[in-house]
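**Student:** Go by the hints and put chain L onto chain Z.
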Amino acid sequence: MTPRDYLQLALFLGILAAVSPPLGRYIHRVLEGGRTWLHPLLGPVERLIYAAAGVDPTRDHTWQRYAACVLGFTLTGFCLTFGVLLFQDVLPLNPQNFPAPSWDLALNTAVSFVTNTNWQAYGGETAMSHLSQTVALTYQNFVSAAVGMAACMAVARGIARAEAQGIGNFWTDLVRATLYVLLPLCVPGALLLAGQGMVQTFAASFTAVTPEGATQTIAVGPVASQVIIKMLGTNGGGFFNANAAHPFENPTAVSNFIQMLAIFLLPSALVFTLGTAVRRPRHAWTVWGVMAGVFLAGVLLTAHFEYRGTPAMAQAGAATTAPSASIAAPGVSPTPASMPASTPPPVPNMEGKEVRFGVFASSLFATITTDASCGAVNAMHDSLTPLGGLVTLLNMQLGEIIFGGVGSGLYGMVLFIILTVFLAGLMVGRTPDYLGKRIEGREVTLAVAALLLPALPLLGFTALAAVGWGPQALANAGAHGFSELLYAYSSASQNNGSAFAGLAANSPAFNLTTAAAMLIGRFGVMLPMLAVAGSLAARRPRPITDASFPVEGATFALLLTAVILIVGALTYLPALSLGPIVEHLQMLEGRLY
Amino acid sequence: MLTLVRQSLVVTLLLAAVLCGAYPILVTGAAQALMPHRANGSPVLVDDRPAGGRVVGSELIGQAFAGAGYFHGRPSAAGENGYDASASGGSNLGPTSRALAESMVARAAALRAENPDWKAPLPPDMVTASASGLDPHISPDGARMQVARVAAARGLPVTTVAALVETHVEGPELALFGGPRVNVLRLNLALDALAGGRAEGN
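Quick note, the sequences are listed as chains Z and L, same order.
Going by the working numbering, the first sequence opens with residue 1, and the numbers climb by one from there.
Going by the working numbering, the second sequence opens with residue 1001, and the numbers climb by one from there.
None of these hints come from the bench; they were simulated from the model.
In this text, all values refer to a predicted model and were calculated from it rather than measured experimentally.
Cβ coordinates follow ideal geometry from the N, Cα and C atoms, glycine included.
A few of these clues could be false.
FRET-style restraints, in silico, Cβ to Cβ [unchecked claim]:
(1) Z:Val467 - L:Ile1025: 49 to 55 Å
(2) Z:Ala51 - L:Asp1047: 54 to 60 Å
(3) L:Asp1047 - Z:Arg25: 50 to 56 Å
(4) L:Ile1025 - Z:Ser102: 27 to 33 Å
(5) Z:Arg25 - L:Ile1025: 30 to 36 Å
(6) L:Ile1025 - Z:Gln96: 16 to 22 Å
(7) Z:Trp469 - L:Glu1173: 42 to 48 Å
(8) Z:Leu578 - L:Glu1173: 40 to 46 Å
(9) L:Thr1167 - Z:Gly14: 33 to 39 Å
(10) L:Val1169 - Z:Phe87: 48 to 54 Å
Just chain Z, with the same shape it has in the complex:
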């Protein structure tokens, strides 16, 4: 890594640390009904929605009612998206006359976008009409993030409230998160990105005649408005097939930096929303520090391995004349003059990366997008080095809690906090409590259920696919092929949405199994955590004394990090060793498949 790389990383974390606390406090204030400067403009819209829908904004929901509203609203949004996709061929705003996708692809895509995953088994510019992009998909980019933010706020209320029946009102949380948090960030953000060269037009394409006389058809579209919410909402579904590597979806290194900040912005701010709700800013900083620590380790590892590239790359670049003997012509020994030193110096891995970002910004982006459950890519993860790819896999498998998805990252982290105080309580023989709330069997059972539910489809479907429908869809052979399957089901089960994109994932078997994995990964965590919120809200807090287990400071941070890493490693190390770890050893041996 160069000094400029370290500087960019420091600037990234510095900006994030500076803007997250005030933004987190702002989110707390608006979700609790506080007024902002936006109310004169958007207040009437908010009140209109409540009046038309028959919502009483002062009513509190029990956790069961809250969960029912989440499911009802998600199901309705699913029907909207599924319907628009299924009939896109006869609906308007289809300038390229794309046919409708198959039912299983439409189902997979609709599930993918309502669960905030944005797994894409299609190539955007060759499959989706403008109506599908703006109505079916962009709409879900907003509301799936708002639902996550709402559920996260409900969990924060459950921890903060004492002897309360309710955990908030889902409808006001949803509408306020959309109108006062997401929209005001998206409008200036989209224009900022358009100013960098991101396209924003309802035209479909334009044609150029190149200096060499060839005709080039250049696809365009309403990209900036979709990209900003794709990042802020940790959705990640690209307008174009190449996602944030496409020059129109990420024109410059500056737009790249803005997008990386946008991915972490809300998950990072929500940590401080929790801190504000429980009036413990130091606890928020401790949790934030744990996230930042695991994130930093991931960036440094990924960048290290990407800078070292592969032996095959080093040989190709160093050969000073015709092909070196190793691959193209076995048995022919090259003359000493053309032979590079026996092990040529490592060269950076530029396969599947863009020159305007370079190796470091690509590695940084890959780490961010898999830590947060975003899934946008500015480099092709399938072409990462084995251990660079391992970091992205493990980031997802840890449960998308290193900042994580909007809302889902924080309530996922609360799950690990509950496990940590429980384990710490076992170690010292004391009844565990979290911020004065006693943690009992019910909460631990629910937390473990939320921990294990996503692991079932992740490991189960990977294993079944490897012996069933998987092999014929692979783009790469050998251990890397297994990594493609493991990545697909890790991404779906943890609601990330990125891919080792060589995998031909548009088949009924993949579409249906990844859809099931996405649903389990989303609601198998959210619903148990809402139940935890409900039971914690009802509990009477104990005063926090010197005898209470401290959930702030270095000791707790280390314990929490250890629990996250040990649980992740115990669950997924066997699978990882069959994929990227074996592949790394094979690569060092010079084996090719």
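**Tutor:** This is chain L only, laid out in the frame that chain Z set:
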């Protein structure tokens, strides 16, 4: 139950009206008014007729250049023949892929054959395919290694072409973001302007 259905339906429809109607129209209108050139894909126009400009590409989208007198871009996996600007994508070949290793060796051999004057190691970006298949840039070394060939094909002094390359090296943005790079289309258009009096502009 009925309340829940009504609430879900109405909230969905009204939020959709704001997010899918008002929001994209507002952003598109503002982008088209404030920065029409960029919002429409940064097209590059060349004035080669009295009638006006002709679109030769987008300054953000890479093109396939094959002639010896033009600088070539990176290998591309977009579409069947590369640089298909309506089918973006990378090769998705992994680190132990034989297909990738063989094509890197073949590309290296072709680059050595085309540019025999370049003795240094090949820049990694020139033997690998980009993520989008539409990368508009190459590294400065990726351009420098082609100078002798381009100069010979055009009958220009090597120093003139080399100087043109150096003026087209774009540094890190804001002195921090991204590495130095060269926009291939802009460099080639500048070359045309130099040799044939074709004016570059947009």
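**Student:** For every hint, state whether the structure bears it out.
**Tutor:** Quick rundown of the hints versus the structure:
no., hint, in the structure
1, Z:Val467 - L:Ile1025: 49 to 55 Å, "50 Å, holds"
2, Z:Ala51 - L:Asp1047: 54 to 60 Å, "58 Å, holds"
3, L:Asp1047 - Z:Arg25: 50 to 56 Å, "55 Å, holds"
4, L:Ile1025 - Z:Ser102: 27 to 33 Å, "31 Å, holds"
5, Z:Arg25 - L:Ile1025: 30 to 36 Å, "32 Å, holds"
6, L:Ile1025 - Z:Gln96: 16 to 22 Å, "21 Å, holds"
7, Z:Trp469 - L:Glu1173: 42 to 48 Å, "45 Å, holds"
8, Z:Leu578 - L:Glu1173: 40 to 46 Å, "41 Å, holds"
9, L:Thr1167 - Z:Gly14: 33 to 39 Å, "34 Å, holds"
10, L:Val1169 - Z:Phe87: 48 to 54 Å, "50 Å, holds"
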